[in-house]
Amino acid sequence: MKLSVSNLNSHYGPAHILFDIGLEVGEGEVVALLGRNGAGKSTTFRSIVGLVALREGQILFEGKDISTAPTHEIVRSGLGYVPEERRIFTDLTVEENLEVGRQKPRPGAPQWTREKLYKLFPNLGEMKNRPGGRMSGGEQQMLTIARTLMGNPSLVLLDEPSEGLSPKIVEQMVDAILTMKKEGVSLVVSEQNLHFAKLISDRAYIIERGRICFAGTMAELDARPDIRDAHLSI
Amino acid sequence: MAFYFVQFLTGLASAASLFLVASGLSIIFGVTRIVNFAHGAFYMLGAYVAFSLTERLSGPLGFWGGIVVAALAVAVIGVLVEIVLLRRIYHAPELFQLLGTFGLTLMVEDLVVLIWGPDDLVGRRAPGFKGAVDFFGQNIPSYDLFLIALGPIVLGALWLLFQRTRWGILVRAATQDRDMVAALGVNQKWLFTSVFAVGVFLAALGGALQIPRDAVHHAMDLRIIVEVFVVVVIGGLGSILGAFVAAVLVSELNAFGILIFPTISLILVFLVMAVVLVVRPWGLFGRKEAPARRTPGLTVIPWRPLSSVERLASLVALAFAAMLPFVAGNYALTVGSEIAIFVIFAASLHFLMAVGGLASFGHAAYFGLGAYGVAFLAKMAGLPMIACLLLGPLLGAAGAAVFGAFAVQLSGVYFAMLTLAFAQIVWSIAFQWVAVTGGDNGILGLWPEKWAASPSHFYWLALGVSAFVVSVLRLITFSPFGYALRGMRDSPLRSESIGINGKRIQWTAFIIAGTTAGIGGALFAYLKGSVFPDNMGISLSVDALVMVLLGGVETVPGAIFGAIVYKALNIWLVSQTDWSKLVLGIFIVLIVVVFPKGIVGVVESIMHRRRAVAPKAAALSAKMEGAQ
Amino acid sequence: MSLGVSLLSVEGLSKSYGGIQAVRNVSFMLQAGEILALIGPNGAGKSTCFDMLNGQNVPDSGRITVMGQETTGRKPREVWRLGVGRTFQITATYPTMTVRENIQVALVSHHHRLFDFWTPMISIERGEADRLLDLVGMAGYAERPCGELAYGDLKRLELAIALANQPKLLLMDEPTAGMAPRERVELMRLTAKIAREQSIGVLFTEHDMDVVFEHADRILVLNRGSLIAQGSPAEVRANREVQAIYLGEGLLYDARHREGAPA
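Protein chains in written order, with our numbering: chain G, 1 to 234; chain C, 1001 to 1628; chain V, 2001 to 2263.
What the hints contain is simulated information worked out from the structure, not anything from laboratory work.
You can take every hint at face value.
Straight line, CA to CA, 27 Å or less: simulated DSS-like cross-link-like pairs of lysine-lysine:
| # | chain 1 | residue 1 | chain 2 | residue 2 |
| --- | --- | --- | --- | --- |
| 1 | G | K104 | C | K1189 |
| 2 | G | K168 | G | K119 |
| 3 | C | K1503 | V | K2075 |
| 4 | C | K1288 | V | K2075 |
| 5 | C | K1189 | C | K1288 |
| 6 | G | K128 | G | K168 |
| 7 | G | K182 | G | K116 |
| 8 | V | K2168 | V | K2193 |
| 9 | G | K119 | G | K104 |
| 10 | G | K128 | G | K116 |
| 11 | C | K1379 | C | K1528 |
| 12 | G | K64 | C | K1189 |
Bound-form chain G, shown alone (with noise of 0.2 Å):
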């Protein structure tokens, strides 16, 4: 098992927002965290990697507790995140950017270059000097992304990559994963959006209120449209 999440529980404050939640993802494979907005899907991304202080539970990365580490340990083990609001550098340009995620290569897990990420995001190539605060929604998801990859990491929380970004992006972003899937990083991608995760994801989980309520294969989530509908839909 690559990740293992059980009995997460996470807290802001007063308000209890995860409750229970169990995750596993595989090696090599890519589960999709599908929800409506506030259903608790970024939180579990920010609890997996030691960004909410107020959590409880056991997380195995790579067979290693990492419930209490600190959250550079557990990015520097190899497991990456790029967070939701993008939160690129604005100051930084786009090669800062990436040399601010840069990390040693790790045995065992795929490497990543400029070189390669800017034939994986050829925007990026195209304005290596271009400050971040200055580029698209979708250059500036890539660029999370590429920047993320620059750590060399085995596993990727990856949330909500389609969010307000076009169709053609969005394409691009679709095989953007493959790639890295191809290449051998394992992926959780939290998702509202259903048909873009069908398009990428092996296994499905669904979570509402903070509670995971469902968890199959793609198929099995396509033979319950009750519960897509419950879940998903408006």
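Add chains C and V to chain G, keeping to what the hints say.
What follows is chains C and V alone, placed relative to chain G:
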């Protein structure tokens, strides 16, 4: 013409050191969000260590090597300070960080005297820059030319460091989003430590480079830190370019201010700072800061007015205090009067700080203005004592009205720095404007009239006024105005959205606090029989802060207990040891690290826990603090 | 619908940040007693819209009129004085005061008594504060420290505070975020009841679609800054474009996966 040009060059030369120190402060603030008050102390240490090294090492290599080694050595001290002290207080409220580093400053001031002695030390001239260059009959020291060139060189070097190195890129990234940098696998702890080391290195280098120009002495830290605060407020905290531009601006204003207002040259700097703040509240190159964070779970105990039992107990305590003249001698009564006066002073700052959430680092300005108000009225206008006591504090009120109008536009550390700078300006006016204030000699011969002259009568007067002022402040605290003020502290967003004009409320509170501090100052003038610039000095401002924090900033009566304990301890310490600053500094650091709730705060939370009204919330807050 | 002036009227509201159009030409009306929901994906411009209505943000262009008075570009405190109450997504209350005191501050502000330095707060507007607490079902909480309240109770307290100036219009930003499911239903029922009884117009943003479809009279749908639909819950539910956004079924996927479209 040549004269003005030379004056201009002198200004530029002074700007170099100022820029070094200010840029160090800015870099540290950018990443760690700590305003390092001890930056002036590191500057001073740099000068002292460089003095010792250059005295022992000979030749040009010895001199220049000594300068660099001194800066490096002080940077190592900075690293130790960061690891031992600052890492413990990164999550504390900003105020505690400022105060903790101030405690450090006090310690360094005494340590420096312990090691190098109290006398001014004149260092070596810089090899190769001993002479002067003739410019149309005016002499320019060649060392000044060296410093003038050094400023832009350092600016360029810093630019390269931040643009071209991985470390610089990480620092810039962390300045913008610390958590995201950690989420990319960067160890924040060591990044912070290295940033602190670089900042301290710059400060120490600034100090070391001053030895050929100026004598080294043990008060140079406060002088530079005030100028640095002015520079970063003008230039914008966190901006290196801003630090450079503002350092040049401030140094030039000083150089030419002396020509225009020879007696009160700092006025010019103040005016420029005021204009900048009105036009760009975050400085020329600064950015608006996110609102100051509240440390979660620090307090949940709401304030309440005294119960009838407690009111009775207070009256009994007051009655006991009033008995003092029947059992104690004159010395004890004088000490008692002084404590009563400091209760007023501490209570006025407490009102601003605890109720208003506005931590003034220059509250002594209004205490001192009250004292000078009395002195002017008594000495120049010859008014009777009662009139002086009633009208003198109005000078404090006026000062608070003017400075407060600017200060309340800012919050958090900016507010603290600005109030400190204002206080220092008032101090230097009192110090420099000899014709009116008597300068360093002060104004003497302010003795109370006969009815208040005996120690016991004066004690009763001080005690009575003190009880009155404390009661009034308490009344205001529990009035609608007091609640509106607390509301602005708790949640400006909520206040604005229920129709409260927060700045007006805060400005009014600033004036109330300034006036009451002025009342304390007015009594103090009569107690001492004289006024001096030190009545508005930084150390007095910090005394007030420590009293409030020692008593407990989150409690209503904290200031009273803080003032009594601290003042008594202080008077006792000064009589017992020559190294009171060292002891005091250690004491402050301990309060900040171990005792952040103060005496009354600790007592209250113990009592509150006994009552067990809120076991759940207490457990949650403990958990949160543990998780931080 | 009444023929008189509408409670809130928004015309051509636009706002952009650094070249990105956050809100694009948004217009709508709100009548007294009506409950209007503003929905849309993250980043659709809901918060920006809300902040402009509330005065926290100044629009680039457009007009906002509350009860016939233009409020465009006015400060939040001025908007409040016109009778607009507001609750926040992340609650903004005074944690160091008791529950009752939180409401008393709003009442004191409403009655222009902020610069009263002498009267003890404890005796001011106590009855009115308790009446408001009773209204939101928190009568027993008056003396509790606000910092100890559970999240759902904080949300109810915010509602009581928002009602302190007898508003004609309530702006509620994600009123049920972070609440337990049962609390959500209770809070919205309460809001609806108060709105009907006092003829208050309510505009709220919300992520929980159950809440939206159960309680809103009318729904506005925002996507990428533009209003793409408005109407009754049934109309909005049936709208293809809205479905596409909420199921994330962009045009791209429409072509590729027509079979995946919801029935």
